[in-house]
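Peer 1: The primary structure of each chain is shown beneath.
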Amino acid sequence: AQSVSQHNHHVILSEAASLELGCNYSYGGTVNLFWYVQYPGQHLQLLLKYFSGDPLVKGIKGFEAEFIKSKFSFNLRKPSVQWSDTAEYFCAVNAQSYNTDKLIFGTGTRLQVFP
Amino acid sequence: GAVVSQHPSRVICKSGTSVKIECRSLDFQATTMFWYRQFPKKSLMLMATSNEGSKATYEQGVEKDKFLINHASLTLSTLTVTSAHPEDSSFYICSAREVTGGYEQYFGPGTRLTVT
Numbered sequence: 001a002q003s004v005s006q007h008n009h010h011v012i013l014s015e016a017a018s019l020e021l022g023c024n025y026s027y028g029g030t031v032n033l034f035w036y037v038q039y040p041g042q043h044l045q046l047l048l049k050y051f052s053g054d055p056l057v058k059g060i061k062g063f064e065a066e067f068i069k070s071k072f073s074f075n076l077r078k079p080s081v082q083w084s085d086t087a088e089y090f091c092a093v094n095a096q097s098y099n100t101d102k103l104i105f106g107t108g109t110r111l112q113v114f115p
Numbered sequence: 116g117a118v119v120s121q122h123p124s125r126v127i128c129k130s131g132t133s134v135k136i137e138c139r140s141l142d143f144q145a146t147t148m149f150w151y152r153q154f155p156k157k158s159l160m161l162m163a164t165s166n167e168g169s170k171a172t173y174e175q176g177v178e179k180d181k182f183l184i185n186h187a188s189l190t191l192s193t194l195t196v197t198s199a200h201p202e203d204s205s206f207y208i209c210s211a212r213e214v215t216g217g218y219e220q221y222f223g224p225g226t227r228l229t230v231t
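Protein sequences appear in the order of chains L and R.
In terms of the numbering used here, the numbers along the first sequence are unbroken and rise by one, the last being 115.
In terms of the numbering used here, the numbers along the second sequence are unbroken and rise by one, the last being 231.
Rather than coming from a laboratory, the hints here were simulated on the basis of the structure.
Quantities reported herein were computed from a predicted structural model and do not represent experimental measurements.
Hints should not be assumed to be uniformly reliable.
[Stated by the list, open to error] Taking lysine-lysine pairs in the DSS-like style, the calculated list, with each CA pair at most 30 Å apart, reads:
#1 L:K71 - R:K157
#2 L:K61 - R:K170
#3 R:K181 - R:K129
#4 R:K181 - L:K102
#5 R:K181 - R:K170
#6 L:K58 - R:K157
#7 R:K135 - L:K61
#8 L:K69 - R:K179
#9 R:K157 - R:K170
#10 R:K170 - L:K102
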């Protein structure tokens, strides 16, 4: 069965610090990968996605993620975080060969950024 | 674009009653909608996949007779929690995938259900 792991449950940073959130999945076939963000009191929004091509994907608000197939990873990065990045971040995976639209979500990482 | 709404945003009901939650895609057509449940400090758990004009596909462990899903049009799916119990209290979130889109899903704001 597919699964998604986010090992960082709670990350606390100061503004301007660099961010890297880990995401690993367990599926050997072709995957579509996503990072969603949930700001306090708001709904889930798509940050970025990877379907194919360049494994380094750039998203909104200065975020990027790198797909490393050999490591089954899709880590999220941002060089310099802002207080407004405080939110819950979810990694999600869709396994193409299962012929399904289903997304499997990780447990989420809560990011707190202090001024 | 790609806005999904849910109604109501919050609902409190008594044990044994039924509650209907609506999910609408406001500016696009969605052949597929998804219903999730989010527990406190936990991830989203997929409950079912709702396909327009056909029966929903439920995930293992989700009671289809308790969580009735109807997807009557390309812009509306409903989730009815029947004979609700306090353990059904949760945050229910829907998402929708565009007819012509890729695999990304657009999420609604969620519905907080409290069963007393």
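Peer 1: Has the given pair, R:K157 with R:K170, been kept, meaning a C-alpha gap of at most 30 Å?
Peer 2: holds (28 Å)
Peer 1: Regarding the pair L:K71 and R:K157, is the alpha-carbon distance no greater than 30 Å?
Peer 2: holds (25 Å)
Peer 1: Would the hint linking L:K61 and R:K170 be met if the CA-CA limit is 30 Å?
Peer 2: violated (39 Å)
Peer 1: If you draw a straight line from the CA of R:K170 to the CA of L:K102, is it 30 Å or shorter?
Peer 2: It holds: about 16 Å lies between the C-alpha atoms, which stays within 30 Å.
Peer 1: Given the hinted pair R:K181 and R:K170, is their alpha-carbon gap at most 30 Å?
Peer 2: holds (15 Å)
Peer 1: Keeping to a limit of 30 Å between CA atoms, is the pair of R:K181 and R:K129 held or broken?
Peer 2: The hint holds at about 15 Å.
Peer 1: Does R:K135 pair with L:K61 here, judged by a C-alpha cut-off of 30 Å?
Peer 2: violated (36 Å)
Peer 1: Given the hint that L:K69 pairs with R:K179, does the C-alpha gap stay at or below 30 Å?
Peer 2: Since the Cα atoms of L:K69 and R:K179 sit roughly 37 Å apart, the hinted pair is violated (cutoff 30 Å).
Peer 1: Check whether the Cα positions of R:K181 and L:K102 lie no farther apart than 30 Å.
Peer 2: Roughly 21 Å between the alpha carbons, so the hint for R:K181 and L:K102 holds.
Peer 1: Against the 30 Å threshold, does the CA-CA distance of L:K58 and R:K157 hold or violate the hint?
Peer 2: holds (27 Å)
Of the numbered hints listed earlier, those contradicted by the structure are 2, 7 and 8.
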